[in-house]
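Asker: Residue numbers (the working numbering), protein chains in the order written: chain W, 1 to 507; chain A, 1 to 507.
Some hints could be false.
If several chains are the same, the list does not tell them apart, and a pair holds so long as it fits within one copy or across any two.
[Claimed, not checked] Pairs of lysine-lysine residues, derived as DSS-like cross-links and limited to a Cα-Cα distance of at most 30 Å, are as follows: (1) LYS381 <-> LYS233; (2) LYS144 <-> LYS381; (3) LYS381 <-> LYS77; (4) LYS233 <-> LYS297; (5) LYS395 <-> LYS381; (6) LYS144 <-> LYS395.
Don't read these hints as lab results, they were simulated from the structure.
2 protein chains.
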Amino acid sequence: ISLQPSRLASCERAQFIAMLGPERAREDHDARVCHARGKSYHDLLHLRAGPLADVPDVVLCPRDADDVLAILRIADKSGIAIVPYGGGTSVVGGVSARAPDFNAVATLDVSALDHVLDIDLPTRTARAEAGIAGPALERALAEKGVTLGHTPQSFEFSTLGGWIAHRGAGQQSNRYGKPENWLVAATLATPRGMLAADSFPASAAGPRLIDLIAGSEGAFGVITDATFRIHAKPARVEDRGYLFRDFESGMTAVRRAMQDEISNSMLRLSDSDETSFYGALSAIGAPRSPLRVTSRKYLDWRGFDERAAVLIASFEGTDSDVATARSRFGALASQLGAVSLGRAPGRSWRAGRFRAPYLRDPMLDRGLGIDTFETAAGWPKLAGLHAAVREALEKAVRDTAPYPSARAIVLCHVSHSYPEGASLYFTCIFPRALGEEIAQWRAIKNAASNAIAENGGTISHHHGVGEDHLSWMAREKGELGVEVLRAVKRTLDPNGILNPGKLIPAS
Amino acid sequence: ISLQPSRLASCERAQFIAMLGPERAREDHDARVCHARGKSYHDLLHLRAGPLADVPDVVLCPRDADDVLAILRIADKSGIAIVPYGGGTSVVGGVSARAPDFNAVATLDVSALDHVLDIDLPTRTARAEAGIAGPALERALAEKGVTLGHTPQSFEFSTLGGWIAHRGAGQQSNRYGKPENWLVAATLATPRGMLAADSFPASAAGPRLIDLIAGSEGAFGVITDATFRIHAKPARVEDRGYLFRDFESGMTAVRRAMQDEISNSMLRLSDSDETSFYGALSAIGAPRSPLRVTSRKYLDWRGFDERAAVLIASFEGTDSDVATARSRFGALASQLGAVSLGRAPGRSWRAGRFRAPYLRDPMLDRGLGIDTFETAAGWPKLAGLHAAVREALEKAVRDTAPYPSARAIVLCHVSHSYPEGASLYFTCIFPRALGEEIAQWRAIKNAASNAIAENGGTISHHHGVGEDHLSWMAREKGELGVEVLRAVKRTLDPNGILNPGKLIPAS
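Produce the entire structure from the sequences given, and follow the hints as far as they go.
Answerer: Structure (structure tokens):
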């Protein structure tokens, strides 16, 4: 991968090195390449393409919040853009080192801010530096018998600060909430100094500042530490599979479980195509056992056909909590015509829960592209949204196909649910249009995003805005709403050095 | 009550009358007096004093959101301050018609915007205009078998928009949440047009605009309608009383109930003085029955003394939910040395739940002042906060006493609780320093508020900021945090006509 030479001026280089030492102000090829982009499908395309146009001129690795503040002051004076970087797992261009209007771009890697500062059992809160990654954080909490319970697919690499900055969702968000729910307090380093936001159980002293930090995507400041709710580690975690006759009856089960407060940590409902796809995948290489044949016959006899939809439900808590919730959900499922699939689907889901992204490179090598699209909407809109996004993806893949018979595989599941609605998560697999892949990806992405916006969905339920969803922000927030976000940014970051080109459309 | 003549210029008068008709653009004495202030102790003092310095020049009563928008446009052009007014029950000066820097002050009374627009059972949400008051809203919801469950002490008069604007809390907030929890979407009329905020079950498209509307106190715009979560009306509501040995063990029970997720809609724990006070009050005129004497003896024998603290717990849900929660809470209480008091304390609490404010006028007539102060903090801070605020109130009352032996009665209870902490609600009764009452009130208010701020409490858990808490905002939010709020206001209300002098300290 070839790069342009660093644009960092010698005066700023000297200042950064004086402050951090040369090993924490890196301009070497590896540091610059590894911090250039996130982990989306088109990030992979760019990294595979050879020459990288947009890379950081320097990668700065502060040791603590004071370092972060000092870096921001130097950058602010010198016209250097700052791209905050946690685990680098953004799939929406949230860490792209692109800032053509600045003298240089520095990626600010907070991975050394990885200390757990306090685990306070009496308030069931903990405080940690923002750069700590999922496994280290949960290990420290587990030593005290507690958990945050935030496990996004990127869990192995992504960080506390990153989770908050892009309002992610862990796979168990039905129980543990999204960052906006579990965040209690946070410190934000800005070019204008530290913003220490809140820390009360609740307050009526005007809008809460942490609500502006959650979802700020590095555009308002760099989160240096956060205080968050913790929970006793559940005595029991149980995953159960159910087969519904169709996606609709499965959605009814999810809706009623949320509205009737059946305690659960996850209700993951695959649509028919995703159900068939994973069914077929798991059958590859498996022996044609009598049990499998009998099960299939039983399901045929019960009237389950290709419209069937698998749901994996997770329950957490004491033995008795889990038993109650499982029995309530089981009764609801059975009332809606579903059959229990026992523990096997949950086992294979749990074994592979962080694996899917690793499949992308091998698939790329075999000529297949894959991307995911996600949204959320109220219950009455979900069926229409599901159909529209599928259709848009299928059409876009046909229109950009490298050969006439090329078709998309579109899979979808409900992954996070609320009393008033749920999220939909689409996976689209398509043949790569070699040589035209960025254009192909953009056509597919635009088609999905327009279908989402036109059918009442949010442009993102948990991936964030970054660069990739920027064009849909004004539509979602309204022009006046975007102006409010701009005003907040201008106050905290008057020269606009923080993560330019992300979150907030240019005026 | 004598007033200055209206300062409204004839040109604007003509515009308002042309738009609304004369009966909706009132400059009569009654309309101006009744909309001059809220319902705090010092509001009552001002209203009783005779001449009212700050009154609206005109009271405007829009019929719908379009009217609101048109009024804001005229006011913005003409330098007229707008004070949004719902039920007028603010106790922090949130609706005071004071705006000396403007050509005139118009109070914008939204009580005609009182329609329920939609009750959507599939999404368990409803949408209503902002001026609807508690009883009308709950009546409409009850017809469909659902409830919002937001019942502040002002419930009879206060409005949906007011609840959201000042981030209030209903007495059952442990179950139904504060507005920031139940608010799904809202429309805000601003001098720059309508801001229609969100409506997704969850979103990662940057910070949510509704989080800026909750707590905006009429300073960012006028809430014209809101969508909120509704719940099935509970089959059963049960209140149970418990007597703890002391406030501390009662607090432990509340903390553990919240952290162990024992489902409840209210845990109202009185401190020892409040327990004795209400005990004595309920004994007045009651016959000295054998049961009463025996109960007292039993409690003495069990070692309960003047440190005892009453807790009223409310449980809501199905019969079985209520039975489970009650039995779990009962076991916890008994483990902590409490005894059950059965249903009587809950019955008398429920009968009088909206009554306390009505006692203020008769008490004033008898030479007694009364005010309330509220805050919230994490569990470890509550004991210190409780002691400090009590002490500050007692000292302030002594220092401003009309006669040497004058002393304060200070009562306190925990009224709203969270896994990480709880609110404290103080009532202070004191002899009026006749002729010096505003100064006396201010000394008492300052003492309580400083003690709150110095001991880690928020300046308000559910009353809001208004004028009365303005001086503590910079301390709580930080100077940079206040600048962020100012920037939001400047964007939506460039000329600062909306509720000037409230929420955000002048720069």
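Asker: None of the hints should be skipped; say for each whether it holds.
Answerer: So, going through the hints one by one against the coordinates:
1. LYS381 <-> LYS233: Close across copies (25 Å), not inside one copy (36 Å); limit 30 Å.
2. LYS144 <-> LYS381: between (43 Å within a copy, 22 Å between copies)
3. LYS381 <-> LYS77: neither (48 Å within a copy, 41 Å between copies)
4. LYS233 <-> LYS297: neither (41 Å within a copy, 44 Å between copies)
5. LYS395 <-> LYS381: For LYS395 and LYS381, only the intra-copy Cα distance (21 Å) is at most 30 Å; the inter-copy one is 60 Å.
6. LYS144 <-> LYS395: neither (52 Å within a copy, 43 Å between copies)
Hint compliance for this structure: hints 3, 4, 6 are not met, and every other hint is.
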